[in-house]
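These protein sequence lines are chains H and C, in that order.
Just so we're aligned, residue 360 is where the first sequence starts under the working numbering, counting upward by one.
Just so we're aligned, residue 360 is where the second sequence starts under the working numbering, counting upward by one.
By construction, these hints were calculated from the structure, which means they are not laboratory data.
One or more hints might be untrue.
Which copy? The list can't say, so a pair holds if one copy fits it or any two copies do.
As the list claims (entries may be wrong) - Pairs of lysine to any residue, SDA-like flavour, derived with a Cα cap of 25 Å:
#, residue 1, residue 2
1, K367, L641
2, K367, H653
3, K661, R537
4, K392, H456
5, K539, Q663
6, K659, E540
7, K539, K647
8, K539, H653
9, K648, F664
10, K659, L426
For reference, the chains in residue letters:
There are 2 protein chains.
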Amino acid sequence: MNEQQGIKPHVIGLDLGGTNAVFGIVDQRGDIKATTAIKTQNYDSAEAFVNASINALQAIIEQTGGLEKIKAMGIGAPNGNYYTGAIEYAPNIKWAHETAVPLAKMFSERLGNLPVSITNDANAAAIGEMVYGVARGMKNFIVITLGTGVGSGVVANGQLVYGSDGMAGELGHVTMVRGKEGRLCGCGRTGCLEAYCSATGVARTARQLLEETDRPSLLRKMNPADITSLDVSIAAGQGDQLAREIYEFTGKMLGEACADFATFCSPEAFIFFGGMTKAGDLLMEPIKKSYDEHVMNVYKGKAQFLISGLDGASAAVLGASAIAWEI
Amino acid sequence: MNEQQGIKPHVIGLDLGGTNAVFGIVDQRGDIKATTAIKTQNYDSAEAFVNASINALQAIIEQTGGLEKIKAMGIGAPNGNYYTGAIEYAPNIKWAHETAVPLAKMFSERLGNLPVSITNDANAAAIGEMVYGVARGMKNFIVITLGTGVGSGVVANGQLVYGSDGMAGELGHVTMVRGKEGRLCGCGRTGCLEAYCSATGVARTARQLLEETDRPSLLRKMNPADITSLDVSIAAGQGDQLAREIYEFTGKMLGEACADFATFCSPEAFIFFGGMTKAGDLLMEPIKKSYDEHVMNVYKGKAQFLISGLDGASAAVLGASAIAWEI
Numbered sequence: 360m361n362e363q364q365g366i367k368p369h370v371i372g373l374d375l376g377g378t379n380a381v382f383g384i385v386d387q388r389g390d391i392k393a394t395t396a397i398k399t400q401n402y403d404s405a406e407a408f409v410n411a412s413i414n415a416l417q418a419i420i421e422q423t424g425g426l427e428k429i430k431a432m433g434i435g436a437p438n439g440n441y442y443t444g445a446i447e448y449a450p451n452i453k454w455a456h457e458t459a460v461p462l463a464k465m466f467s468e469r470l471g472n473l474p475v476s477i478t479n480d481a482n483a484a485a486i487g488e489m490v491y492g493v494a495r496g497m498k499n500f501i502v503i504t505l506g507t508g509v510g511s512g513v514v515a516n517g518q519l520v521y522g523s524d525g526m527a528g529e530l531g532h533v534t535m536v537r538g539k540e541g542r543l544c545g546c547g548r549t550g551c552l553e554a555y556c557s558a559t560g561v562a563r564t565a566r567q568l569l570e571e572t573d574r575p576s577l578l579r580k581m582n583p584a585d586i587t588s589l590d591v592s593i594a595a596g597q598g599d600q601l602a603r604e605i606y607e608f609t610g611k612m613l614g615e616a617c618a619d620f621a622t623f624c625s626p627e628a629f630i631f632f633g634g635m636t637k638a639g640d641l642l643m644e645p646i647k648k649s650y651d652e653h654v655m656n657v658y659k660g661k662a663q664f665l666i667s668g669l670d671g672a673s674a675a676v677l678g679a680s681a682i683a684w685e686i
Numbered sequence: 360m361n362e363q364q365g366i367k368p369h370v371i372g373l374d375l376g377g378t379n380a381v382f383g384i385v386d387q388r389g390d391i392k393a394t395t396a397i398k399t400q401n402y403d404s405a406e407a408f409v410n411a412s413i414n415a416l417q418a419i420i421e422q423t424g425g426l427e428k429i430k431a432m433g434i435g436a437p438n439g440n441y442y443t444g445a446i447e448y449a450p451n452i453k454w455a456h457e458t459a460v461p462l463a464k465m466f467s468e469r470l471g472n473l474p475v476s477i478t479n480d481a482n483a484a485a486i487g488e489m490v491y492g493v494a495r496g497m498k499n500f501i502v503i504t505l506g507t508g509v510g511s512g513v514v515a516n517g518q519l520v521y522g523s524d525g526m527a528g529e530l531g532h533v534t535m536v537r538g539k540e541g542r543l544c545g546c547g548r549t550g551c552l553e554a555y556c557s558a559t560g561v562a563r564t565a566r567q568l569l570e571e572t573d574r575p576s577l578l579r580k581m582n583p584a585d586i587t588s589l590d591v592s593i594a595a596g597q598g599d600q601l602a603r604e605i606y607e608f609t610g611k612m613l614g615e616a617c618a619d620f621a622t623f624c625s626p627e628a629f630i631f632f633g634g635m636t637k638a639g640d641l642l643m644e645p646i647k648k649s650y651d652e653h654v655m656n657v658y659k660g661k662a663q664f665l666i667s668g669l670d671g672a673s674a675a676v677l678g679a680s681a682i683a684w685e686i
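Given the sequences, and given the hints that come with them, work out the whole structure.
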């Protein structure tokens, strides 16, 4: 902690999602001092969104001692590009889906030239783990976010890997099933890790197994289209064999993928983040078992498999705020 | 170039192979001022090897102005670990295959406490490209070495990715063919990129195609066990259709693998290094075509596909020497 941080003990974090834009004022220990939110999609333009954001922010900035206590702002957003400071063609945000919105610059100008950085949600999660979470003190690790999609943030030599264009770290889109039998992925390609191991992928596996077999399962009581990964997890917790196998299949594939990832950067930990980690050992045990079976000898036994150390409800805001300490 | 480098204009590079240990005194432009070599396996102990090395080195050190002109030494060696400065359990070097030999320290002590660094051959190639070769000015790229095996060196944010244990960058061992039909790899696992796309892998593909089909080919004139990747390349150059298909198969798999690698670090270039690159477009065209077909949209058209810019005969020594400038 340098002197400047001593004088300016707070940062702003913005977790910009498809539904809510959640702001937090955060201190160096990761305590959220104040928080507020607006609806992401209630605005027709990026300018209108930033105006509403500044209005909402002003209240919590004053509440925590004013702008002079704030060192910087970090934004975690889909398709956030660290290099350009823009959200680029974010499919789920109507004022950003056809263009690149220079959100970092827009916030900075409205906040007295405060330094503002932006990155995607998974990268924000990775920096969040490094600053406040289970990756404190680590210099080489991978965060894998398991939500609607599968995202990732890769830290090597203590730095986030942004790549040549700011878009590195899309490990949800390595190909796990090659050729025609690969599942169609949201990215337009087939066989991606995300198509199998996201929350959506788990639900697809459930529907597929229910349709292709006549094995009994508690999940048969539901309308197949309504099944979520949480339903599968609950059924597995109630001893449902089919549901357990779905998590085993998912974990096995994640473990194989992690064995491939190890050849890249030999991380000291794989850290799993997001709603699906609530399944706990149901997911983590098959991941670890499969990793041990598939990883190269030279890496065996070296990586830890951890669940995010950030508080679930505020993890995304903490992640976003963590970027601000790195500016 | 700082003042110290001005005073000490040379570094020593050692390319330590299973057969030859080649030394070079190299200047900042990558010109090899003097070179010498000894046989790696003619010695029963690491000490005896270092003694013989120092004897050989002394002649070329004097020839180029003495030890005071030398800034540092870099060693590229199989299983060289940058963090420990040791060669660890290198299967093909009899005085290092059952132990970790602290080679950097041993050379440093015999050379007046000269700074000495060690890394594996593929990492040395990557630094070589960054210092003297086609990656000058690049901060994010991947070198893929195609030889007896498939090695790699990953540079992100301008730094080599060594990982938590110094052993990162084994992209030859990502799994390309999952399940039982994967080829057995030298690492003991199955389906690795190396089992298909190394020079050895290309020869295996040739033998397999000749055995499983009765298609005509110039390669049928040879004893199958004697076929090398060079023979396949020569036959392809003579218009042999089967030989061309072998390179297409190899390039297609390399392109698919590179599409996966892009999700990690979005490199500005993939640089291919080693004997197999002599096949030129025969190999590079199918790689590029397959990459374009398989890579995520967001990365499309961003990465260059290059062949090493280091002179073939001395590339390994240059790569090793390049590590010394980074100390």
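Here is what the structure says about each hint:
With identical chains, the CA atoms of K367 and L641 are never at most 25 Å apart, being 43 Å at best within one copy and 59 Å at best between copies. When the C-alpha separation of K367 and H653 is checked against a cutoff of 25 Å, the pair qualifies neither within a copy, at 47 Å, nor between copies, at 47 Å. When the C-alpha separation of K661 and R537 is checked against a cutoff of 25 Å, the pair qualifies only between copies, where the shortest distance is 23 Å, while the shortest distance within a copy is 29 Å. Taking identical chains as interchangeable, the C-alpha atoms of K392 and H456 are never at most 25 Å apart, the minima being 32 Å within one chain and 57 Å between chains.
Proximity of K539 to Q663 under the C-alpha cut-off of 25 Å is found in neither arrangement, the shortest distances being 34 Å within a copy and 28 Å between copies. Only between protomers do K659 and E540 lie at most 25 Å apart by alpha-carbon distance; the minimum there is 24 Å, versus 31 Å within a single protomer. In the homo-oligomer, the alpha carbons of K539 and K647 lie at most 25 Å apart only across protomers (21 Å), although the nearest pairing inside one protomer, at 28 Å, exceeds that limit. Taking identical chains as interchangeable, the C-alpha atoms of K539 and H653 lie at most 25 Å apart whether they share a chain (24 Å) or sit on different chains (13 Å).
In the homo-oligomer, the alpha carbons of K648 and F664 lie at most 25 Å apart inside one protomer (11 Å), although the nearest pairing across protomers, at 37 Å, exceeds that limit. Taking the shortest alpha-carbon separations for K659 and L426, neither the intra-copy value of 49 Å nor the inter-copy value of 42 Å comes in at or below 25 Å.
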